[in-house]
Amino acid sequence: MKVKMFPAENGDAFLLCSTNINILIDGGYAKTFDKYIKPDLEDLASKGKVLDLVIVTHIDADHIGGIIRFLTLNGIQNLKKIIPINKIWHNSLRSLSSPKKIDVPPEGIDILKAIIKRGHPKESIFKSSNIEEISAKQGCTLAALIREGGYRWNESNGFDSICVEEFSFSETYNDSIKVINPTRAKLQELLLYWKKELRRFGHLDDIGSNEIIDDAFEFNFEHHQDSNITGQTLVAAGCKNELKDVYRPDRSPTNASSIATIVKLDGVRILMLADALAEDILNELIKMQADGESMLFDAIKISHHGSNYNTSPDLLSIIDAPKYFISTNGGGKHNHPDIELLRAIVNRAADFTRTLYFNYSTDASKEIRNFQATYSNFIIEENFTGWIEIIKEKSC
1 MKVKMFPAEN
11 GDAFLLCSTN
21 INILIDGGYA
31 KTFDKYIKPD
41 LEDLASKGKV
51 LDLVIVTHID
61 ADHIGGIIRF
71 LTLNGIQNLK
81 KIIPINKIWH
91 NSLRSLSSPK
101 KIDVPPEGID
111 ILKAIIKRGH
121 PKESIFKSSN
131 IEEISAKQGC
141 TLAALIREGG
151 YRWNESNGFD
161 SICVEEFSFS
171 ETYNDSIKVI
181 NPTRAKLQEL
191 LLYWKKELRR
201 FGHLDDIGSN
211 EIIDDAFEFN
221 FEHHQDSNIT
231 GQTLVAAGCK
241 NELKDVYRPD
251 RSPTNASSIA
261 TIVKLDGVRI
271 LMLADALAED
281 ILNELIKMQA
291 DGESMLFDAI
301 KISHHGSNYN
311 TSPDLLSIID
321 APKYFISTNG
331 GGKHNHPDIE
341 LLRAIVNRAA
351 DFTRTLYFNY
361 STDASKEIRN
371 FQATYSNFII
381 EENFTGWIEI
391 IKEKSC
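For the sequence shown, full-length UniProt numbering assigns the number 1 to the initial residue and increments by one for each residue that follows.
Hints should not be assumed to be uniformly reliable.
Capping the alpha-carbon separation at 30 Å, the derived lysine-lysine pairs in DSSO-like fashion look like this [stated by the list, open to error]: (1) K113 - K4; (2) K80 - K240; (3) K113 - K244; (4) K81 - K186; (5) K49 - K80; (6) K333 - K87; (7) K333 - K392; (8) K392 - K87; (9) K244 - K87; (10) K35 - K47; (11) K178 - K366; (12) K178 - K49; (13) K240 - K186; (14) K81 - K196; (15) K195 - K240; (16) K2 - K113; (17) K240 - K47; (18) K38 - K195; (19) K38 - K392; (20) K333 - K4; (21) K240 - K2; (22) K287 - K2; (23) K4 - K47; (24) K81 - K2; (25) K178 - K113; (26) K240 - K178; (27) K240 - K287; (28) K35 - K333; (29) K2 - K80; (30) K240 - K113; (31) K113 - K47; (32) K113 - K49; (33) K333 - K38; (34) K49 - K38; (35) K47 - K80; (36) K49 - K392; (37) K244 - K195; (38) K196 - K240.
Hints in this document: simulated from the structure, not taken from any laboratory.
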């Protein structure tokens, strides 16, 4: 199988293609889709291929801007303009709460409209040279585009959640996806956080899901600020710290809700961690390990753009792979990836050479080139945005 890690600035966008299956995971920003993803999807469509699955891991702007652009251009499912999509995984508010009809009082409507009026973060939509179809202030939400496009959503109509307890996708023995995050409990924590946000805005009544509430939910979390920004800045000012010295668990409710998966295509196993929390991933992998599943993968997509706060020493103690993907341009608020994490990845004993793929050259990727690992060899590939061939490792 092969993987393409698109240049999504400080975001994520991956295309996974095997003999029979094509999966798009996140879409970066609108410009990411226009310049990089769209041509590859058009190439697939010209060969009679489809997107078997689109996974929107969570609702941060650096992951969904390009998917919003994609669905806006692709149109409704039975008149698709770019490529057919068999199904979409995306946990919106309707996936977390009751589908019953909700009557919102007038003052509540005013609060929701004020949230919606903020629109998408400017960078998620306007980072594009041809964007007439979307207004950053009046644009459609992803949930609305999926609903209005008639796409198969979370295996049905979007009212079910993609979570550990509910879903795994399987086509053949060699092609499958196992969901390892989020748990239903983490999705409920996101819902509780949303209710706290509404109370902060002045809405005191309990609230469920309808179209205006769904839109407000998505717009609100697109503007959500990462709770670890201060910590990241302090760590960046440090010197030769080790990961164990600086690691603190991520506290972001949106990151905790990320859809993380083990994707197995053509017999190749890839651990796709989105922006998930290390403790949650570790809990699921320990259960799998106890059942006899190998924690040596053919490739690993590192969580949250290589943040110190999403890959713990404990998690690194049980997982490994010959290939690692780190997606970020080093920009944004955090200047990811973090050098402490990169050193921790490469400085472990292994009987193979690790290759770390970066879709940009960053300060940390340049620094890690000069690091002298004690226990193993490694290769650094910077500005790598072409296809990466993944072969089945004998021991994986």
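Hints and how they fare:
Only pairs whose Cα atoms come within 30 Å are accepted, and K113 paired with K4 is rejected, the gap being roughly 38 Å. As the CA atoms of K80 and K240 are separated by approximately 52 Å, the hinted pair breaks the 30 Å bound. Distance check on the hinted pair: K113 and K244 sit about 45 Å apart at the alpha-carbon level, beyond 30 Å; violated. Distance hint between K81 and K186 is unfulfilled; the C-alpha atoms sit about 36 Å from each other, more than 30 Å.
Our distance criterion of 30 Å between C-alpha atoms is met by K49 and K80, whose separation comes to about 13 Å. Taking the CA atoms of K333 and K87, the gap is about 33 Å. The hint is violated against a cut of 30 Å. Taken as a hint, the K333 and K392 pair is broken in the structure, with Cα atoms around 37 Å apart against an allowance of 30 Å. With a C-alpha separation of about 27 Å, the suggested pairing of K392 with K87 holds against the 30 Å cut-off.
A C-alpha spacing of about 40 Å is found between K244 and K87, which places the hinted pair above 30 Å, so the restraint is violated. For the proposed pair K35 and K47, the alpha carbon gap of about 20 Å is at most 30 Å, so the pair holds. Using a Cα cut-off of 30 Å, the hinted pair K178 and K366 is violated, with the two alpha carbons roughly 34 Å apart. For a cut-off of 30 Å, the pair hint linking K178 to K49 stands: about 23 Å separates their Cα positions.
Taking the CA atoms of K240 and K186, the gap is about 34 Å. The hint is violated against a cut of 30 Å. For the hint pairing K81 with K196, the CA-to-CA distance comes to about 40 Å; that exceeds 30 Å, so the pair is violated. The hinted pair formed by K195 and K240 fails the criterion: a straight-line CA distance of about 41 Å is larger than 30 Å. With a CA separation close to 43 Å, the supplied pair K2 and K113 exceeds the 30 Å bound.
Only pairs whose Cα atoms come within 30 Å are accepted, and K240 paired with K47 is rejected, the gap being roughly 50 Å. About 37 Å separates the Cα atoms of K38 and K195, which puts this hinted pair outside 30 Å; it is violated. Pair hint K38 plus K392 holds up; C-alpha atoms about 28 Å apart against a cutoff of 30 Å. For the proposed pair K333 and K4, the alpha carbon gap of about 25 Å is at most 30 Å, so the pair holds.
With a C-alpha separation of about 36 Å, the suggested pair K240 and K2 falls outside the 30 Å cut-off, and the hint is violated. Distance restraint check for K287 and K2: the Cα-Cα separation of roughly 28 Å lies within the 30 Å cut-off, and the hinted pair is therefore satisfied. Taken as a hint, the K4 and K47 pair is honoured in the structure, with Cα atoms around 18 Å apart against an allowance of 30 Å. Straight-line distance between C-alpha atoms of K81 and K2 comes to about 25 Å, which keeps the hinted pair within the 30 Å bound.
The straight-line distance between the Cα atoms of K178 and K113 is roughly 38 Å, outside the 30 Å bound, and the hint therefore fails. Restraint check for K240 and K178: the C-alpha separation of about 37 Å exceeds 30 Å, so the hint is violated. Pair hint K240 plus K287 does not hold up; C-alpha atoms about 34 Å apart against a cutoff of 30 Å. The hinted pair formed by K35 and K333 meets the criterion: a straight-line CA distance of about 24 Å does not exceed 30 Å.
The hinted pair formed by K2 and K80 meets the criterion: a straight-line CA distance of about 25 Å does not exceed 30 Å. The straight-line distance between the Cα atoms of K240 and K113 is roughly 48 Å, outside the 30 Å bound, and the hint therefore fails. With a C-alpha separation of about 44 Å, the suggested pair K113 and K47 falls outside the 30 Å cut-off, and the hint is violated. Only pairs whose Cα atoms come within 30 Å are accepted, and K113 paired with K49 is rejected, the gap being roughly 40 Å.
Pair hint K333 plus K38 holds up; C-alpha atoms about 28 Å apart against a cutoff of 30 Å. Of the supplied pair hints, the one linking K49 and K38 holds, its CA atoms being roughly 14 Å apart against a limit of 30 Å. The straight-line distance between the Cα atoms of K47 and K80 is roughly 15 Å, inside the 30 Å bound, and the hint therefore holds. The hinted pair formed by K49 and K392 meets the criterion: a straight-line CA distance of about 24 Å does not exceed 30 Å.
At most 30 Å may separate the alpha-carbon atoms for a hinted pair to count; K244 and K195 exceed this at roughly 35 Å. Proposed proximity of K196 and K240 is contradicted: the alpha carbons are some 39 Å apart, above 30 Å.
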